[in-house]
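**Student:** The numbering used here applies: residue 1 is where the sequence shown begins, and numbers increase by one.
Note that these hints are calculated values from the structure, not bench results. Note that the structure is a prediction, hence the values are computed from the model and not measured. Just so it is clear, CB atoms sit at the ideal spot from N, CA and C, and this is done for glycine as well. Hints may contain errors.
Claimed, not checked - So the derived label-pair ranges between C-beta atoms look like this:
no.	residue 1	residue 2	range
1	Arg39	Ile69	31 to 39 Å
2	Ala68	Asp27	24 to 32 Å
3	Gly74	Asp27	28 to 36 Å
4	Lys64	Ala93	12 to 20 Å
5	Asp27	Gly52	30 to 38 Å
6	Gly52	Glu28	15 to 23 Å
7	Lys64	Glu28	16 to 24 Å
Said to hold, decoys possible - Calculated cross-link-like contacts (lysine-lysine; reagent style PhoX-like; alpha-carbon spacing at most 20 Å):
no.	residue 1	residue 2
8	Lys92	Lys72
9	Lys92	Lys64
10	Lys72	Lys83
11	Lys72	Lys89
12	Lys64	Lys83
13	Lys64	Lys89
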Amino acid sequence: SGGGGGGGGGRPKSSSSAYPSHILPSDEQLEREAEELERIVAASGGKMVDDGLTIADFQRMDHKEILAIADKEGLEEFHQLPKQDLIFKILKARA
């Protein structure tokens, strides 16, 4: 009479991410980039950049949209950059 419990199924939980650790920036690198972005925003007098896009707007964009902006602005060697690095490169170029 009693039914079986059944297992949880699915993939086992692990602390590793979908990206290899050599691709992900370290906590120190992220902190440095965040500080640099804060300096860029402060230097620009607010969160707006040339075309009216905010940092939050960039973060909500698809990676392909950001690539198009980088290309339009004449940036070089950006096609392999992760999204956050690409946003950083665009904002730094505009500062």
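**Student:** Is it true that alanine 68 and aspartate 27 lie within 24 to 32 Å of each other by Cβ?
**Tutor:** 31 Å, holds
**Student:** CB of glycine 52 to CB of glutamate 28, is that within 15 to 23 Å?
**Tutor:** 33 Å, violated
**Student:** Mind checking the alpha carbons of lysine 64 and lysine 89 for me, to see if they're no more than 20 Å apart?
**Tutor:** 15 Å, holds
**Student:** Could one say that the CB atoms of lysine 64 and glutamate 28 fall in the range 16 to 24 Å?
**Tutor:** 30 Å, violated
**Student:** So the hint says 28 to 36 Å: do the beta-carbon atoms of glycine 74 and aspartate 27 match that?
**Tutor:** 32 Å Cβ-Cβ, so the 28 to 36 Å window holds.
**Student:** Per the hint of 30 to 38 Å, is the separation of the Cβ atoms of aspartate 27 and glycine 52 within bounds?
**Tutor:** 32 Å, holds
**Student:** Taking 20 Å as the top limit, are the C-alpha atoms of lysine 64 and lysine 83 close enough?
**Tutor:** 9 Å, holds
**Student:** Keeping to a limit of 20 Å between CA atoms, is the pair of lysine 92 and lysine 64 held or broken?
**Tutor:** Holds. Lysine 92 to lysine 64 sits at ~19 Å (cutoff 20 Å).
**Student:** Given the hinted pair lysine 92 and lysine 72, is their Cα-Cα distance within 20 Å?
**Tutor:** 15 Å, holds
**Student:** For a C-alpha distance cap of 20 Å, please report whether lysine 72 and lysine 83 respect it.
**Tutor:** Holds - the C-alpha atoms of lysine 83 and lysine 72 are around 16 Å apart, at most 20 Å.
**Student:** With 12 to 20 Å as the target window, see if lysine 64 and alanine 93 comply at their CB atoms.
**Tutor:** Taking Cβ atoms as reference, lysine 64 and alanine 93 lie about 19 Å apart, which means the hint holds.
**Student:** Could you see if the CB distance from arginine 39 to isoleucine 69 stays within 31 to 39 Å?
**Tutor:** 21 Å, violated
Checked against the numbered hints listed earlier, the structure breaks hints 1, 6, 7; every other hint is satisfied.
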